Amino acid sequence: MPELRRPPYPTVLKPYGHALVELAKERADIVCLTGDLTRQCEIDLFQDAYPERFIHAGMAEANMMGVAGALARDGFRPFVHTFGVFATRRPLDQIINAIAFPNLPVRIVGFMPGVSSPGGPSHQAIDDVALMRAIPNMTVVDVADAVEARQVARAIVDVDGPVYVRLKRGEIPLIFPDDHELRLEKAAVLCGGTDLALLANGMMLAPALEAARLLESSGVSVSVTNVPVIKPLDAATVIEVAAAAKAVITAENHSIIGGLGTAVAEAIAEAGLGRPLRRIGLGDTFAEGSRTGPYLFGKYGLSTQAITDAAWAALGRPGPAPVAEVIQAEEGEYSPV
Amino acid sequence: MTTGSRVSDPGTRWTVDDPARLAALIRLRAVRMIKPQGFGYLGQALSSAEQVAALFAVMKPGDDRLVCSPGHYMIGIFAAAAELGILTEDEAQSYGLDGSPIEAIGTERSPVADYVCGSLGQGLSAAAGFALADRLKHKDRRTFAMISDGELEEGQLWEAVMFAAHHGLSRLTVLLDANNSQVDGPVDTITTIEPIAAKWAAFGWAARDLDGHDVNAVLKALAEAGDAKQPTVLINRTSTIHGLRCLPPDADGHFIKLPPALAAAAEAELLAELERFHA
Numbered sequence: 001m002p003e004l005r006r007p008p009y010p011t012v013l014k015p016y017g018h019a020l021v022e023l024a025k026e027r028a029d030i031v032c033l034t035g036d037l038t039r040q041c042e043i044d045l046f047q048d049a050y051p052e053r054f055i056h057a058g059m060a061e062a063n064m065m066g067v068a069g070a071l072a073r074d075g076f077r078p079f080v081h082t083f084g085v086f087a088t089r090r091p092l093d094q095i096i097n098a099i100a101f102p103n104l105p106v107r108i109v110g111f112m113p114g115v116s117s118p119g120g121p122s123h124q125a126i127d128d129v130a131l132m133r134a135i136p137n138m139t140v141v142d143v144a145d146a147v148e149a150r151q152v153a154r155a156i157v158d159v160d161g162p163v164y165v166r167l168k169r170g171e172i173p174l175i176f177p178d179d180h181e182l183r184l185e186k187a188a189v190l191c192g193g194t195d196l197a198l199l200a201n202g203m204m205l206a207p208a209l210e211a212a213r214l215l216e217s218s219g220v221s222v223s224v225t226n227v228p229v230i231k232p233l234d235a236a237t238v239i240e241v242a243a244a245a246k247a248v249i250t251a252e253n254h255s256i257i258g259g260l261g262t263a264v265a266e267a268i269a270e271a272g273l274g275r276p277l278r279r280i281g282l283g284d285t286f287a288e289g290s291r292t293g294p295y296l297f298g299k300y301g302l303s304t305q306a307i308t309d310a311a312w313a314a315l316g317r318p319g320p321a322p323v324a325e326v327i328q329a330e331e332g333e334y335s336p337v
Numbered sequence: 001m002t003t004g005s006r007v008s009d010p011g012t013r014w015t016v017d018d019p020a021r022l023a024a025l026i027r028l029r030a031v032r033m034i035k036p037q038g039f040g041y042l043g044q045a046l047s048s049a050e051q052v053a054a055l056f057a058v059m060k061p062g063d064d065r066l067v068c069s070p071g072h073y074m075i076g077i078f079a080a081a082a083e084l085g086i087l088t089e090d091e092a093q094s095y096g097l098d099g100s101p102i103e104a105i106g107t108e109r110s111p112v113a114d115y116v117c118g119s120l121g122q123g124l125s126a127a128a129g130f131a132l133a134d135r136l137k138h139k140d141r142r143t144f145a146m147i148s149d150g151e152l153e154e155g156q157l158w159e160a161v162m163f164a165a166h167h168g169l170s171r172l173t174v175l176l177d178a179n180n181s182q183v184d185g186p187v188d189t190i191t192t193i194e195p196i197a198a199k200w201a202a203f204g205w206a207a208r209d210l211d212g213h214d215v216n217a218v219l220k221a222l223a224e225a226g227d228a229k230q231p232t233v234l235i236n237r238t239s240t241i242h243g244l245r246c247l248p249p250d251a252d253g254h255f256i257k258l259p260p261a262l263a264a265a266a267e268a269e270l271l272a273e274l275e276r277f278h279a
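Protein chains in written order, with our numbering: chain A, 1 to 337; chain B, 1 to 279.
FYI, nobody ran anything at the bench for these hints, they're computed from the structure. Predicted model, so just to flag it, every value in this text is computed and none were measured. We put the CB at the ideal spot given by N, CA and C, even for glycine. One or more of the hints may lead you astray.
[Unchecked claim] With a straight-line cut-off of 27 Å between C-alpha atoms, the simulated DSSO-like cross-links for lysine-lysine are: (1) Lys137(B) - Lys25(A); (2) Lys139(B) - Lys229(B); (3) Lys25(A) - Lys139(B); (4) Lys220(B) - Lys139(B); (5) Lys199(B) - Lys220(B); (6) Lys137(B) - Lys60(B).
[Stated by the list, open to error] Label pairs and their in silico Cβ distance ranges: (7) Arg135(B) - Gly272(A): 51 to 59 Å; (8) Leu271(B) - Pro51(A): 56 to 64 Å; (9) Asp18(B) - Asn103(A): 35 to 43 Å; (10) His278(B) - Pro51(A): 53 to 61 Å; (11) Ala236(A) - Asp140(B): 48 to 56 Å; (12) Met59(A) - Ala223(B): 32 to 40 Å; (13) Gly204(B) - Ala236(A): 49 to 57 Å; (14) Pro195(B) - Asn103(A): 37 to 45 Å; (15) Asp98(B) - Glu3(A): 54 to 62 Å; (16) Ala272(B) - Asp93(A): 38 to 46 Å; (17) Asp284(A) - Lys60(B): 49 to 57 Å; (18) Ala134(A) - Pro195(B): 39 to 47 Å; (19) Asp252(B) - Asn137(A): 35 to 43 Å.
[As the list claims (entries may be wrong)] Coverage of chain B stretches by chain A, computed from C-beta distances (three or more under 8 Å per stretch; other residues unrestricted): (20) 108-120; (21) 126-132; (22) 153-160.
Sequences and hints are given; from them, build the entire structure.
This is how it looks when you write it as structure tokens:
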């Protein structure tokens, strides 16, 4: 993986927010809605640039989705912003009836995925991918770094039908080289391998890459595939890397029910591939409030070590799994747990 | 017109000569629409007939928009559309039948209205979105939303009420059918929603009560709302058995049963009523 950066990763602020403003410069049909989380969702930049196309919906997510659906019906491309929990749980019926059933081009952007928030179960979107993935017509995206976050608005703006995107809040790591291209239709095989197929997305790509490096140094041949689009899943690539390996591991910052792990399981089972599968993610449990997010990634098994241990066990390797080293991050840097 | 035409589509045309007569025609046609099944959403047509008739008389064809929030009310709108030539006779006759796009509970794919909700309490948000879209595009047309009193129990509706007032969506007019009917019984026995007008007024709307079966009163109020400086709600006090004396007084207004003998009596009564307009 020579072209990828190594942790600690440098970080940037508001890559999505800047890119949305750039896109809106070209696209007069973009309108921006917020559910009382403007700065947190990086769209204070949009509000400053295009106040006439910026709509405060307030803390009223159900109404916000209904308004967005009507705006889309009238030819606008609404980008709707709030935290992932509020974007999916509260207005589920509205998303289904006012947006997804009529297949309208509303872009729902949910910040603060999984246990990246120390704010406890009310603020931790651990089921948003599962909820959105179950809805017909919906495209579901979880990007891994700032290079992808910069591209995601442009990548989804002309998708036919609704899109749900989950984005990390705050300091966003730069993992990919600047010329990396986010492709919705194709999962990115970052390196090939014959023992283990590791499929990850979002905030779990970073620990997946570290686990792959650690395993390679212990004699395990690992492929790493970034799967930014959970639906529609690039099943062909998933099957290809799974077929080439002896075991498969998925890693997602989400419940192991209904997200990437489930989607991969469905794809390889339907292809008739009998590969041992381990799903890294929240094991059908709520997390908890804490002081920091990284504590939760460690406690709930969303870590480099957890991926490494699962790989070791799935492959039936003897002895203890190799131990991941802690990668210190200075202020303004990011390292996976 | 072909299935799929909506009131705001350019080219959709109709004229209403006599709104009171149109209301009577809506009732008769609604009876005939549910007759094959022997039951259906006749109560919604009976309580809203004058509102629907007045709406079609006031709406600018091919421009103004109509949102029907409770999809069950589409029976009255379909009936009016058939009378006005927006739907064909065949389309109207296919109401509620297997494979028909004219579904009994209106949906996304229902023709005539610009937007129809099936899940209750959601239509006002869409209507506010339409009104906001028109303002963003500097279009001066009106958006009308039909909602029902039972929907006031849904929290989203009040989100939309606040949103529309805050954003000053004065081109939005709501016809609220206050027929005091919901599935479990009279609305006032389930949840106290009164005082309706005072609540909307407190939220920043122009709000007034009126007799929803006085078609001239509804017409006048709809016309006046076109000049309002804030969004307007007209609270139409109605009954789900109005205009059909043959129905038992305790008929379930949400879902009226109409066995063949009663259907025949209803048709006879409404045909006689229509004679008044020919006199």
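- Which earlier hints can't be squared with this structure? none
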